[in-house]
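Undergrad: One-letter residues, chain by chain:
Protein chains: 6
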Amino acid sequence: MKDVVSKTARDIKSMKVRGALDIAVAAAEALRNSVALGKTPKDLAKDGAKLKYARPTAVSLPNAVNYVLEVVEENKNLAKSDFKKKNLEQIDSFISEQKNSIARIAEIGSRLIEKNDTILTHCQSDTVEGIFIKAWKDGVKFDVVCTETRPRHQGYLTAKILKKNKVPVTLIIDSAVNHMLKKLEVDKVFVGADAVLANGDVINKIGTSQVAVCANSMEIELIVATQSIKFSPESVYGKVIEIEDRGSKEITSELKGVRILNPAFDVTPAHHISKIITEHGIIPPAAAYQMLRHFKYKIENE
Amino acid sequence: MKDVVSKTARDIKSMKVRGALDIAVAAAEALRNSVALGKTPKDLAKDGAKLKYARPTAVSLPNAVNYVLEVVEENKNLAKSDFKKKNLEQIDSFISEQKNSIARIAEIGSRLIEKNDTILTHCQSDTVEGIFIKAWKDGVKFDVVCTETRPRHQGYLTAKILKKNKVPVTLIIDSAVNHMLKKLEVDKVFVGADAVLANGDVINKIGTSQVAVCANSMEIELIVATQSIKFSPESVYGKVIEIEDRGSKEITSELKGVRILNPAFDVTPAHHISKIITEHGIIPPAAAYQMLRHFKYKIENE
Amino acid sequence: MKDVVSKTARDIKSMKVRGALDIAVAAAEALRNSVALGKTPKDLAKDGAKLKYARPTAVSLPNAVNYVLEVVEENKNLAKSDFKKKNLEQIDSFISEQKNSIARIAEIGSRLIEKNDTILTHCQSDTVEGIFIKAWKDGVKFDVVCTETRPRHQGYLTAKILKKNKVPVTLIIDSAVNHMLKKLEVDKVFVGADAVLANGDVINKIGTSQVAVCANSMEIELIVATQSIKFSPESVYGKVIEIEDRGSKEITSELKGVRILNPAFDVTPAHHISKIITEHGIIPPAAAYQMLRHFKYKIENE
Amino acid sequence: MKDVVSKTARDIKSMKVRGALDIAVAAAEALRNSVALGKTPKDLAKDGAKLKYARPTAVSLPNAVNYVLEVVEENKNLAKSDFKKKNLEQIDSFISEQKNSIARIAEIGSRLIEKNDTILTHCQSDTVEGIFIKAWKDGVKFDVVCTETRPRHQGYLTAKILKKNKVPVTLIIDSAVNHMLKKLEVDKVFVGADAVLANGDVINKIGTSQVAVCANSMEIELIVATQSIKFSPESVYGKVIEIEDRGSKEITSELKGVRILNPAFDVTPAHHISKIITEHGIIPPAAAYQMLRHFKYKIENE
Amino acid sequence: MKDVVSKTARDIKSMKVRGALDIAVAAAEALRNSVALGKTPKDLAKDGAKLKYARPTAVSLPNAVNYVLEVVEENKNLAKSDFKKKNLEQIDSFISEQKNSIARIAEIGSRLIEKNDTILTHCQSDTVEGIFIKAWKDGVKFDVVCTETRPRHQGYLTAKILKKNKVPVTLIIDSAVNHMLKKLEVDKVFVGADAVLANGDVINKIGTSQVAVCANSMEIELIVATQSIKFSPESVYGKVIEIEDRGSKEITSELKGVRILNPAFDVTPAHHISKIITEHGIIPPAAAYQMLRHFKYKIENE
Amino acid sequence: MKDVVSKTARDIKSMKVRGALDIAVAAAEALRNSVALGKTPKDLAKDGAKLKYARPTAVSLPNAVNYVLEVVEENKNLAKSDFKKKNLEQIDSFISEQKNSIARIAEIGSRLIEKNDTILTHCQSDTVEGIFIKAWKDGVKFDVVCTETRPRHQGYLTAKILKKNKVPVTLIIDSAVNHMLKKLEVDKVFVGADAVLANGDVINKIGTSQVAVCANSMEIELIVATQSIKFSPESVYGKVIEIEDRGSKEITSELKGVRILNPAFDVTPAHHISKIITEHGIIPPAAAYQMLRHFKYKIENE
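Chains as they are written, first to last, in the working numbering: chain A, 1263 to 1564; chain B, 1263 to 1564; chain C, 1263 to 1564; chain D, 1263 to 1564; chain E, 1263 to 1564; chain F, 1263 to 1564.
I should point out that these hints are in silico values taken from the structure, not numbers from a laboratory.
These figures come from a predicted structure and were not determined experimentally.
Identical chains blur together in the list; that is why a pair holds if it fits in one copy or across any two.
Heads up, simulated PhoX-like pairs for lysine-lysine below, C-alpha to C-alpha not over 20 angstroms straight-line: (1) Lys1425 to Lys1518; (2) Lys1403 to Lys1450; (3) Lys1444 to Lys1377; (4) Lys1348 to Lys1304; (5) Lys1377 to Lys1399.
Whole structure, please, built from the sequences with the hints as guidance.
TA: Structure below.
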């Protein structure tokens, strides 16, 4: 039914569906529906195209669509019923892999936490929290330090979630990171990611690159935890992800006439990152290019 | 009159007199009064001792007292009337030097600002603002970027003062420093100091050491502007300045049960500082030891 | 016709055909001719061997020959007419890919240039110029700084070509790079490559490694733009590319009796390079090994 | 014969069979025997499982077992006789590849040694010695500096072996490395590896990371030479290799009551390593992840 | 005679007298003449003022003038004949110290050259050449590498002078420095200085800062050899020395319409310099401030 | 009595008197005796010369002699009895200062040790042990890690002395430093010195520079504790202190025919040292030059 694809595209565009993971799952499910309806490879490609450009800045969207279209492409010479069956199987497996990705990253990442570690994190990240909670439930005793994360204080949320899960947590202001890395003898830094580029650079909440510079100056590992669906295939072809400015009001409305800049993200260069934890295992940042091959991305008009 | 010294000591203790500069001037003026009353070197030493320990953490207090006592020591063999006259002259000159120090630092520091510079500053500092305002009045066109400076937002005050003086200013959050050093092509960083240690390390508002690490990773100069009265003589003898924690309430009262650390200061190592602007001129951080000789500091029981 | 292969080998040996790209295309076209003549896999292998060692130092030559021989190997079990057809198709596609590689790199690389960028380049490179000209034609306003590039002043050629294409360009001497990276607020450095090694190290015009050290000391990105045909498969097996010394006369004939060294190239280590732009997309330097697998290189007598 | 697998497992467990290479070969030969006996894929999987956990810390053991099981998996749909034949061929090829790996690494690595090089090595490594001896036999003149390697003085063994093979060798104490890198103008450092992690970090004899920090501070290349069988597949899934403490007696029995720590290994981060020489060629450390794909590792219960 | 001062001022202004050392000596000799004529301290101060501003950018000029005026100041309470005698003695001693400074630096600096050293230098410097020639005459065997130093090729002059004095010398192009530091196993870098700033930063021929960055990246010492007369007292009070652009013609007249920048100097930060050799001995760069006290500099209107 | 001076010179030459401190005290006492005998300045100068060159490599010897001779010089215009009295007073004060220097350094340095610190030290040093024992007696709880210090195992002595004084101590091998700095979360490194050079470089037991490189790579402070008598005045005039090789037997006699190098010391560059603790207080390494002025050193024939 054509409507499902259109509706999903609208929901993604209107941000009714949001979050890298939910967008990827919604797009795959819409295409799964088209497959179930018996659409041809050609029509499926059209459905894919409709979805892919619903939100131009969503990294996970083209990844999900391309993955499904590639499955279709590989199966296109099968008999019709086999075609549908094989496609549905593989799409279901993909959807399930996405849904399990946070738990899988938690399982892998938790093994990196050692007894008596002190670990710093910045902002709020489902994957990083998953890792902390899994390790704690497995009986590892460690401490977390989290930054306030101005201007929206996502660090308060991190602190609350960890506290609720009994993980010992200390909150500090963003500018205390360098001082506290030394003072609290931080062993490792864990952060999430909004996108991973072809050369292993990571885009994440503003402040991440600063934490990285400080941690690296003391040879403290910076570890990124993120689903492979957030690796940006367009970065292979040179697309520069623009850093959104979220306006001055988030910061203060006290300073009339003063220019206020409020970038949402920054770029942490690959050479400041020691490893990336994905649901497919731990990789060096430079394996980002290889990971992207998994999604066989193609840009139109190439 | 004994009362002036006691009153001044009380005023310093009760923080009625505060700020490194005001404390130094008040102590010197109290001793000047004792000299004017014709006290003997021995009695002046007692007055000095009373003042010196009124606030144990104030770096400028022992500097001012020791300076005056040294003047007294040098003049002690003079005839009585000459003794008083010479002492008063030299004490007046010291007081005047202190009072002019901000203007003098502004004059020297403003010469370091070049046309089209973009300069970042952290927190709020009279000496740094003085430099910016002097340079602007002298017709140099440049831009200032100032950090919010959580938790007390002293950066808002910096932004307001600069705006009032027509200096173009951009405010950013503390965690955006590393990103903005590159993005806004910052040329130099200026900060003030709470204390300068014997080996050139600088104690200043929490976050300064982090700005320093980021600036240094891009070979951007970090310049400190501070009066020589803030150089810590006790650091010559190993005293470690304790970093005060200002309590959690300044940060948030939202997170019951979460440990919150709120250090007021951090230490920026000398190797991250390119120069220190004092009222006696520009020095490399390693000349701190030499500058301290100016105050001829002696710890009791040495 | 056997003659085509021999003639091509001679032309390559005599440097009548030169330049990494032209050599690769000529070798592939010679083998295409052999395929068109209906030669057997065994004879094609002999033709390949003849070509491969025509110029031992040409990185692109074994890459092109091996690629074609691998195509032949994969198709060798096909029926004779299919064998020829499939081979020709794939060889044509390879040749076309090579011929389009500069345009493709220009397309990808131009997306990395942002409004108001100042970009430094060293020596003269078709791929780098292609990127600049494409970005400029796409309407991006930016500035280029190019080095003189002693002793042969290839930088003058770069300056002329950019000027002809209206790209604003500033020329500086080679020793002014470090000063100008700061003074002109350079945002990125782009260079070409003579060869890329298995571990991501890049061999390019003498001076490149020096530009890299300076740029890295300020956290300025060094970006390499080069065809994948220049990735050295022999470096996988330990071959060290010897740096040619071009004799003293290129530098001066004024200094009789003074030893003059004039190396043509130097090696920039992978850790100083942020990304490599190839016609297959942008990769981290460490993906060089993976890129080399594309050419399935085999050295005889291994 | 079931007994061969059990016996091999016992021999590995009891350390009768030891050394990464010998363990891998023994495990592969045991499974080869099972294949020769005509066992089914299911029974072969059981045999594999028995072997795999014989020594939990041996990196090469699961690699060898998984490799064979993967061969079996790929061939499982073949006719029975073809199944056995194909399996035996591929297993034999794997075993042979392992046995030849040291010679292959020597061949590749020796090409990296240039005339008049001074090369430092730490501890004792078959692969590194192989490289030195091969280069020397090929007529390259160079010098080796080897560390004593406390507490077990493996460096004495290195010195003896090199001396026996006529390679000029100088022995120094472990703490003289930094001084001697400069004084003797060391050009390259070669070390072996006990394990290579998914992100390219290398585990080797205690002291290696220290040599690496010193070498890197002077931009001297650190080159690791190791078989791919030592790449740790479990590190992909987060396993942290525990560093064994070998007890105080190896160091001294003179210091009753003093705590003595004696870790056997340390971790050299990937960013301190310029290349890894394997029997499959030279790779950047970040290609470790890719190399691990070669062994298609799967952990039970994933 | 008033005329001598005026004439000297004119000669300095017209660059008839040039070079830091010659200017200093000429100024001191003019003031010596005034002293010999029996001028009063007040008139001597006027003569000093006339000379001091003859060439605003000459660092050595105010140093020499201030030194003499300080001598006068210290002696002003002496009887008239003693005043003249004491002044003449001290001025003669100062002039003699200046004239011997190159020989003294050669003596001190030559002791830093060790047997078999390879030493790189940039541009042409009397002090550096003096050191090389003294060491060679003392029988130390070492090698010098000198850069061409575009655009005016002062390196050719260095090469000729060294060759004439039998010191083995190799000439390279400016962009080969980083490559050759490693390739030729350079042990130390020696350069001269045009000016030394209060915080130890050194202004010297364009390219020096680049050599410094490269040398430092390999922990190779950068040693500056310069007279104390070149330490800039005005830098204590914030004066920024402007870097002169010498116009495009020195580089090429081939590139009509291309912007060519040709700065004469650059600034090497103190943290890249290991020591400064002066005629008063070897100092760390941070002792520049202390050295400047020697000249007791005062800026008018302070 | 002439004999005392001659005997002292002989005792120093024959190493009957040894150790920087004892040599300094012995030389000062011999000259004190000459003063007491009523010798003239001229004769005292002769006595000084006799002593100064008794052992050419002892840094403290010329310092002590020059200090006394300078005292004599300053007092030479006094009346004879005053001359003797003043000299004796000042020489006694100098001798007393030397004898108290270890206790004074312990007092100053102990203040730098903070609760729960983990401090690493290399080799054995009276000043460093003094600091540890003083801090422990003052009630500060901290841990020490000491290196074995091959080849003579001075670290065993350090461990024993600390253990005897109840200071908790852990011994590690020299090559475990980098690993343990991280693993044991070392906060600071303290070492002694054999000599301090004019530019702040420190000569100490082989291995110190390696500890420094590792500590600096993690931004861990390296603190040197040493008497000012060990600052080398000859280094001001370019003298390079030769590093003694102590022969192979200290290392092993097992390796016939293998070259063994055994340097006793290495040089830690000033930029790796955060502070130097002397009996005159804490200084930055760059204040070494200033400290040397204290000894007013003059080389003959200057």
